[in-house]
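**Student:** One letter stands for each residue in the lines below.
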Amino acid sequence: MKRVLLVEDTIELAEEIADIFRLEGYHVTTASNGTDALDRLREFNPDIIVTDLLMPGMDGFKLVEKIRTLSSTIPIVILSAKTAESDISLGKALGANAFVRKPCKGTDLVSIVAKLIQNNGIAKT
Amino acid sequence: MNYKKNGEEFWNNFALVPVMDKDKRLTHCVSIQRDVTSRRQQDETTRKRLELLVEERTRELNEALRKEKDLVELKSRFVSIASHEFRTPLSTIGFAAESIRNYFHKLTTEEIKAKLRKIEDQASHMTNLLEDVLTVGKSDAGKIKVHLVSLDLREFIESLIEETRTIAKIKRKISFVYSCAPGNINADDKLFRNVFTNLLTNAIKFSSPESVIRVLVSDREKDILIEVADEGIGIEENELTSIFESFQRGSNASAVPGSGLGLSILKKAVELMNGSIEVKSLIGKGSTFKVRIPKR
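Quick note, the sequences are listed as chains U and B, same order. Sequential numbering of the first sequence, starting at 1, is according to my numbering. Sequential numbering of the second sequence, starting at 1, is according to my numbering.
No lab work stands behind these hints, which were simulated from the structure alone. Just so it is clear, CB atoms sit at the ideal spot from N, CA and C, and this is done for glycine as well. Among these hints, one or two may not hold up.
[Said to hold, decoys possible] Computed cross-link-like contacts, DSS-like style, restricted to lysine-lysine with a CA-CA straight-line distance of at most 27 Å:
id, chain 1, residue 1, chain 2, residue 2
1, B, K69, U, K2
2, B, K190, U, K105
3, U, K115, B, K106
4, U, K115, U, K2
5, U, K105, B, K118
6, U, K105, B, K113
[Stated by the list, open to error] Okay, the calculated bits of chain B under chain U, using three or more residues with CB under 8 Å as the criterion:
id, segment
7, 114-122
8, 248-257
Using the sequences and the hints, build the whole thing.
**Tutor:** This is the structure:
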């Protein structure tokens, strides 16, 4: 079962995204900000990280930057309501593999995540 | 400029014409002088009037440009904040509805009910946001009227504290001290509710769940004083005025959801009741808002 670390501070939204991944057969754990996510990272050992940008404490940009110092390969998807071109460019420049604008379809998000995990698996082999 | 025999200054129009003899040699000159002081004064008056007119028009033009710039800024703040604030509840609604449609048979009745409740909650959150936007519009157009009713202030504030606590879904320590003279007051209950719940909601939103929020309501000779103090993130000193503008938020508040309309609506409500508002704040230490509303 593939593992998704979901970083989202809006509890109601985090629950719904996590539900969709679970119903699609993923193992999901959630974190409410960047610091929380870094704590979970080692013990959970995810196949992919899906993160929001605007969060109290450590935000999504900082989190992506930190993760890239720990792993250059783990796929990162930014899922955010911050949708300015500058945010998308910055997210990608910091090392995110994909930027998904909120609101989006659950099926689209799941398919992006599945493809990134698969590509990373191929790259590793 | 020339001088009369009595020493008085006058403006002089001076013409000097050379006179020649038949061999075209200069024999003498004829000079004609005219006192043009009064014409000069009239010209000066006209010039000053024109200058004043130009100044006035420039001022009007600058004011119109400033208003236009403010409107463009307001529009851009609205688009940025409203789109962000709508995207999150819309996402929740979308994901919940999609789950019900795609995984209906995998979900229990309770899970489906919970998702439907969430859709309702988020739709109501968006409705409130829309109401806030409309309230600002109405208030700017002067369409909000004050309706005074007799209120038991202590009871009213206690009910508002409970209501805000319930909406916030977090048990917060709120210390409430009421020291007004006994008896009802005349106030607009809707405006008063708007002011108080906005103050308390902000205090809850921008402070840690463990900290205490202090609410103090007292009366002076001519007015009621409402103080709401939190131990939250605080507001930058140079933003203490701008946070009351529509769609304007504190620079340290971006991680906390909000439309940037609460304080703007609150200020408009206070002004409609002929009251005043002041705020003191220290970054990382908290904010204290004081609202004074005249007794009626």
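**Student:** Hint by hint, say whether it matches the structure.
**Tutor:** Each hint tested on the structure:
1. At most 27 Å may separate the alpha-carbon atoms for a hinted pair to count; K69 (chain B) and K2 (chain U) exceed this at roughly 51 Å.
2. For the hint linking K190 (chain B) to K105 (chain U), the alpha-carbon distance of about 39 Å lies beyond 27 Å, and the restraint is violated.
3. The hinted pair formed by K115 (chain U) and K106 (chain B) meets the criterion: a straight-line CA distance of about 24 Å does not exceed 27 Å.
4. Pair hint K115 (chain U) plus K2 (chain U) holds up; C-alpha atoms about 12 Å apart against a cutoff of 27 Å.
5. With a C-alpha separation of about 17 Å, the suggested pair K105 (chain U) and K118 (chain B) falls inside the 27 Å cut-off, and the hint holds.
6. Restraint check: the Cα-Cα separation between K105 (chain U) and K113 (chain B) comes to about 21 Å, which is no more than 27 Å; the hinted pair holds.
7. Given a C-beta distance limit of less than 8 Å, the hint that chain U covers the segment 114-122 of chain B holds, as 4 residues qualify and 3 suffice.
8. Residue count for the segment 248-257 of chain B with a Cβ under 8 Å from a Cβ of chain U: 4. That meets the three needed, and the coverage hint holds.
Violated hints for the displayed structure, listed by number in ascending order: 1 and 2.
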